[in-house]
Amino acid sequence: MGRFSTRTLVAHRLFAGDILGNEEVAKKFLKEIAKGTSEKGRIRVLVVDDEEIFRETFAEILIEEGYEVFTAGSGEEAIELAKEKKPQVVFMDIKLPGVNGCEVWKMVKKMYPQVKGIMVTAYSVPDLVKEALKEGAITCLYKPFELPEVIKLLKKITEEENS
Amino acid sequence: MIVVIWQYFDLKAYQETIQKTLFKETSNLLTVIKRDTWDYMETARQYQIGVIFKEYRQIERIKVAYLLDAQGKVAYASHPENLSPYGFEEQIKEISLTGKDYHRFKPEGVSPFLAFLGKEEPYFSSLTPLENKPSCQRCHSSGKTVGYLGLELDARREAEVFTSRLKRILILSAPFYLFAIINIFLFLYINVFHPLEIVRQGMLKVKEGQLGLKVKTKSIDEIGQIAHTFNLMSENLKILTEELVKKEKMAVLGQMAAGVAHEVRNLLLGIKTSTYYLRRKLESHPELTRTVGDIDTGVRRAERTVTNVLQYTQPGELSREAVNINQIIEEILSSAEKERLFTRVEIKKNLGLSLPLLTLDSERLRQSIYNLVLNAAQAMPKGGQLSISTRIVANQIADKSKFVEIRIEDTGEGITEENLKNVFNPFFTTKAKGIGLGLTIVKENIEKHQGKIKVESTVGKGTTFIIQLPVG
Numbered sequence: 011m012g013r014f015s016t017r018t019l020v021a022h023r024l025f026a027g028d029i030l031g032n033e034e035v036a037k038k039f040l041k042e043i044a045k046g047t048s049e050k051g052r053i054r055v056l057v058v059d060d061e062e063i064f065r066e067t068f069a070e071i072l073i074e075e076g077y078e079v080f081t082a083g084s085g086e087e088a089i090e091l092a093k094e095k096k097p098q099v100v101f102m103d104i105k106l107p108g109v110n111g112c113e114v115w116k117m118v119k120k121m122y123p124q125v126k127g128i129m130v131t132a133y134s135v136p137d138l139v140k141e142a143l144k145e146g147a148i149t150c151l152y153k154p155f156e157l158p159e160v161i162k163l164l165k166k167i168t169e170e171e172n173s
Numbered sequence: 083m084i085v086v087i088w089q090y091f092d093l094k095a096y097q098e099t100i101q102k103t104l105f106k107e108t109s110n111l112l113t114v115i116k117r118d119t120w121d122y123m124e125t126a127r128q129y130q131i132g133v134i135f136k137e138y139r140q141i142e143r144i145k146v147a148y149l150l151d152a153q154g155k156v157a158y159a160s161h162p163e164n165l166s167p168y169g170f171e172e173q174i175k176e177i178s179l180t181g182k183d184y185h186r187f188k189p190e191g192v193s194p195f196l197a198f199l200g201k202e203e204p205y206f207s208s209l210t211p212l213e214n215k216p217s218c219q220r221c222h223s224s225g226k227t228v229g230y231l232g233l234e235l236d237a238r239r240e241a242e243v244f245t246s247r248l249k250r251i252l253i254l255s256a257p258f259y260l261f262a263i264i265n266i267f268l269f270l271y272i273n274v275f276h277p278l279e280i281v282r283q284g285m286l287k288v289k290e291g292q293l294g295l296k297v298k299t300k301s302i303d304e305i306g307q308i309a310h311t312f313n314l315m316s317e318n319l320k321i322l323t324e325e326l327v328k329k330e331k332m333a334v335l336g337q338m339a340a341g342v343a344h345e346v347r348n349l350l351l352g353i354k355t356s357t358y359y360l361r362r363k364l365e366s367h368p369e370l371t372r373t374v375g376d377i378d379t380g381v382r383r384a385e386r387t388v389t390n391v392l393q394y395t396q397p398g399e400l401s402r403e404a405v406n407i408n409q410i411i412e413e414i415l416s417s418a419e420k421e422r423l424f425t426r427v428e429i430k431k432n433l434g435l436s437l438p439l440l441t442l443d444s445e446r447l448r449q450s451i452y453n454l455v456l457n458a459a460q461a462m463p464k465g466g467q468l469s470i471s472t473r474i475v476a477n478q479i480a481d482k483s484k485f486v487e488i489r490i491e492d493t494g495e496g497i498t499e500e501n502l503k504n505v506f507n508p509f510f511t512t513k514a515k516g517i518g519l520g521l522t523i524v525k526e527n528i529e530k531h532q533g534k535i536k537v538e539s540t541v542g543k544g545t546t547f548i549i550q551l552p553v554g
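Protein chains in written order, with my numbering: chain R, 11 to 173; chain C, 83 to 554.
What the hints contain is simulated information worked out from the structure, not anything from laboratory work.
Restricting the straight-line Cα-Cα distance to at most 35 Å, the calculated cross-link-like pairs of lysine-lysine (DSBU-like) are:
(1) R:Lys166 - C:Lys420
(2) R:Lys165 - C:Lys420
(3) C:Lys363 - R:Lys93
(4) R:Lys140 - C:Lys534
(5) C:Lys363 - R:Lys96
(6) C:Lys431 - R:Lys166
All values derive from a computational prediction rather than experimental measurement.
Generate the whole structure from the sequences, applying the supplied hints.
So, in structure tokens, the structure goes:
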């Protein structure tokens, strides 16, 4: 698991919340933890990106949107996590330290043929994008993408999943 | 040249005349000697022959006169000291082969009169056979000939006349030859050597790095061709080198830009995600929402700069699709209106109805129009009007091809004539913000779509950018 898994991050935020004396924030996170452990029917999303700030804040937003989120900062971590958590949707940065995102996506897709993939990249790597799309990824987003649009996209995908 | 040929033939003709005269003279003398010889032979006064041959010594022109017997042995000779030491076998052989008299200039060669060139003195040699007539048979028993009569005539005088004439001609025409030589040299110098030297100097300069250098020569066609080819080569070399340097520069810049872009875009996404998160949390604090909006504006500007640099350094291929231009403009304007920069800008739209869909790279077109809209707003810091219009235009003059025209007009400060020439040049900017790539990329993008872009501006009144994109 990543250095900053959702859990550790939440703990970290709790701590930060205490220090700043922002109880509201702390309470909200406590509530989220409770929500995360109690509700089971949520869509599992795996976010793979080596950019920590984005990854963890994005995870936070997705949790608020009602998803169950796991995060990984490298390809190896992502594969381990995928084995354990059986994600239904994967956000995959193409450029990762070690194994590239396209390879990781192929492995995850092999494990769970039903999984939905959204590739993410900061600059044009046409060959890898093409390959990922050929291997069943739904689309490729170019950083820095617009958050509301991505949330809309995710909703659309998961609605298809549910129906 | 003509003069030289004329002089050569003139001399040759003169030489022939001398030869003919000599031949005639020799023949006449021989006839006389022959008659004398016959006389003494027929009257059986052979002893007189020796006497008469000695008398011939007194004739100045005679080098030697001699009488050979049937075997070719010398019987009598006027000047025994002048007799050929090699005998007369060759001459006799020739007579028996041809059946004619022997007449020959000696020494044999190009011209016997050019005596001053060789060591031998020129002379004319003749040999005639004496027939075995019935009257001879009293003493000479058999054979066709009883003997041979030979005469060698001195031609020194003729040679002297000939050479003096030659010398005179040469001396008289010397200035002319000199003049001709100088003329030829001058002609060669002006038309060949000098231009060649100019080309050579040009080559040296090109070697030293002055690519694109041109040489000017006034010369005959062939050399002119060389100079012309040299100019073409020099120019091409310059273009190729510049292209190469640009390519290399672009490769390095591209690599750098890609690295920076990757880093910056990742960070920007982090910031964007954070502001999005903040915005949701700050719903109850509208005064802070505006600040978050400013962060977003900054992020968007950084995003644009990175995209501009990346596109300038890595042009890439177009990914075309059917595009509704009006829709793109609407999207750009609705997003721009939210920015603080546009708060004092009044936007006026006049979008043409039923424009055809164009097959374009929508992202590039969006970026181009956005750059122009942003430019217009930046030109009006105190506010003003931004008009944007689209329409379909047909080419009236040529093939009546149709294109879509987009006009983006501001009422800003305008561009000076001097700057107007440079607006599309990379890294040219008059603004404190930006790096001067926006319009360069707009132009590149439009031209990649076989379109045209024009700019018109009046200082103090405003600027208009006109884009024309071909239909179909």
